[in-house]
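Number of protein chains: 2
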Amino acid sequence: MILAIDGVGGDNAPQAVVAGVMDALQKTDMEIWLYGPQDVLEKELDGYTYDTSKVKVIHCSEVISGEDNPIRAIRAKKDSSLVRAVMDVKEGKADAFVCAGNTGALISAASLLLGRIKGLYRPALTTPIPTDKGMAILLDVGANAECKSEWLQQFAVMGAFYAQKVCDIAQPKVGLVNIGTESGKGNDVAKKAYDLLIHQNDVNFIGNIEARRVPYGDANVIVTDGFTGNVILKMLEGTAEVLFGNVKQVFLQNLKGKLAALMVKSGMKELKQKMDYTEYGGAPVLGVDGIIVKAHGSSDKKAFSSALRQAAKFVESGVMQDIKRYFEQNAISGGAAAETV
Amino acid sequence: MILAIDGVGGDNAPQAVVAGVMDALQKTDMEIWLYGPQDVLEKELDGYTYDTSKVKVIHCSEVISGEDNPIRAIRAKKDSSLVRAVMDVKEGKADAFVCAGNTGALISAASLLLGRIKGLYRPALTTPIPTDKGMAILLDVGANAECKSEWLQQFAVMGAFYAQKVCDIAQPKVGLVNIGTESGKGNDVAKKAYDLLIHQNDVNFIGNIEARRVPYGDANVIVTDGFTGNVILKMLEGTAEVLFGNVKQVFLQNLKGKLAALMVKSGMKELKQKMDYTEYGGAPVLGVDGIIVKAHGSSDKKAFSSALRQAAKFVESGVMQDIKRYFEQNAISGGAAAETV
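Protein sequence lines, in the order shown, are assigned to chains A and B. Under my numbering, the residue at position 252 of the first sequence is numbered 282, and the numbers go up by one with no gaps. Under my numbering, the residue at position 161 of the second sequence is numbered 191, and the numbers go up by one with no gaps.
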């Protein structure tokens, strides 16, 4: 299996990328293609001892930064790590691409260069999130700021496949984010999506889920539009950061607190791990015709390593083929294929 | 000042309502009118010693429950505590109404019976939320699941008045919830609202705010549609509940943990208070022509007491008159008054 990775994407590149690659290579059998300026990447690799047959540097002369306009950048910078790696996935040279760089550019490149799966309206950026009951899958988290109900219906199907095959969640419970649990609540898109999903027998739809119950883990697959999904993800992160920061302050405020911190150190460490999204791998762009995984912009070694291993699992699981087969056999009538991205 | 309160609204009524009334009476000079079945309320009051000239029971034969359809209920149950109290506010008999019952029914009653302030498109349910830097104001949290950009523009104005005059936040920083900080991000409503607010010189608009920064308290007034606002509020509550629950588990898991808990008890208590929404009073329905405050459904004595004191401050602040004057003088051109609620 060949995994492509953007060597210069993300806040901590290239150090954390290369460190993550080294970590992943020790844990899983894979070959890594590292995209970016050769001198930068080789200098970073020099610090490690590793099986050189497993890591190849693909020189790219251009870099897409976080500030670049996504569509303009992928059109103008053909020799960027991002565009080159996506093209190698398209041509079947690499099995998957992991990237911590510009999210908009990655989604645009995936949509425009790979295209959508046949029968699908829109791809969805899909992220694993920590909950009280373990990992859940949230989609969309930003590929589509506005969604139609039929898109949400398809997200539910893709999310369920992914949760089951890649995240090992048997019979994943699918919930639709809404501002009340009863049918008929919320905005028009959510109301209609509820009506569609309640009749979708191949998905274990548990109905509407209020945001309050998301962190409890009531649903394994949480379906919503990209605007709301982004808000959910960021509220979870921000609230956890602020609360953990405040708990730390309580422990640090005096000697008694510091002593107490030592006494609960292992328990608090486990808790932080449980709530740490970097433990859960990256965010696949589900619905494009190729395996693309967005790693968090602030990914460290551990996060890159788990994103790579998750991408490997995505490849091995065959879930891509499952999703493609599903939408071929269950094409939702009317215009999906005719619509443009 | 006469404050009306729904004696039978909320999960813990009438006990917590009456307990909250007694607490508030000790802290602020006010007269309380308690609406609901006389026998129920008088039985509850019997347990207390208080200045009987300060508390009056207004007998109502009907009750609107959480399951009632809002509009149908306020039309059918004219002798309910909710409808009777809102009518007394309308007729100027009571200065404000505090209610922990059916949110939809309260908003509908406020909109239909009191009407909107002249020049305003829509009222907004406005809730104080805890942040790392103290209280912030979030609106809308559920009165309008879908909003137009112009409504958000007006919410910003109302929120700023309220934050300044009732919450004592000088020059409140107003942020618009979006999925990126740059202009041009997000859905169409957010994009257009950004363009409107950037030209709104009488509001201290700091631009877009990502959900991640909401718990940090970067903005004092957080403006968004009712769907997103509800999601933000509930994610904040749910995430805090789950994290505090897990921290508690760490402390309880063994003897060392229990000892550690004792050592940081006061610090943790302060932290819980800081993050506890019940400390911050209720959620006013801003924009209707009368002072209506929604208390949290699960309000306890402390929450009712702070909601009552906040309502008293709302009355005393004169912010209602400020908002009315503002929208009279700054009527946004075209159809606001002509639209129906």
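Check the hints yourself; a few may be wrong.
A pair counts as met if it fits within one copy or between any two copies, since identical chains are not told apart.
Pairs of lysine-lysine, DSS-like flavour, derived with a Cα cap of 25 Å [what the hints assert, rightly or not]:
#1 K288 / K354
#2 K299 / K148
#3 K288 / K163
#4 K84 / K299
#5 K163 / K123
#6 K332 / K288
#7 K278 / K299
Hints in this document: simulated from the structure, not taken from any laboratory. Remember, predicted model here, so these are calculated numbers, not experimental data.
- [ ] Please work out whether the CA atoms of K163 and K123 approach to 25 Å or closer within one copy, between two copies, in both situations, or in neither?
- [x] neither (38 Å within a copy, 51 Å between copies)
Open item on the list: Reference check for the pair K288 and K354, CA-CA at most 25 Å: within, between, both, or neither?
Closed with: neither (54 Å within a copy, 53 Å between copies)
Task: Copy assignment of K278 with K299, given that the CA separation must stay at most 25 Å - done: The answer is both: 12 Å in one copy and 14 Å across copies each meet 25 Å.
Task: Within, between, both or neither: K332, K288 at alpha-carbon 25 Å - done: This pair counts as neither: shortest intra-copy Cα distance 27 Å, inter-copy 32 Å.
- [ ] At 25 Å max between alpha carbons, let me know whether K299 reaches K148 within a copy, between copies, both or neither.
- [x] Neither, since 45 Å and 55 Å both go past 25 Å.
TODO: Up to 25 Å between alpha-carbons, please classify K288 paired with K163: within, between, both or neither.
DONE: between (30 Å within a copy, 24 Å between copies)
Task: Intra- versus inter-copy proximity for K299 and K84 (alpha-carbon distance at most 25 Å) - done: The answer is neither: 33 Å in one copy and 53 Å across copies each exceed 25 Å.
Of the numbered hints given earlier, the model fails hints 1, 2, 4, 5 and 6; all others are met.
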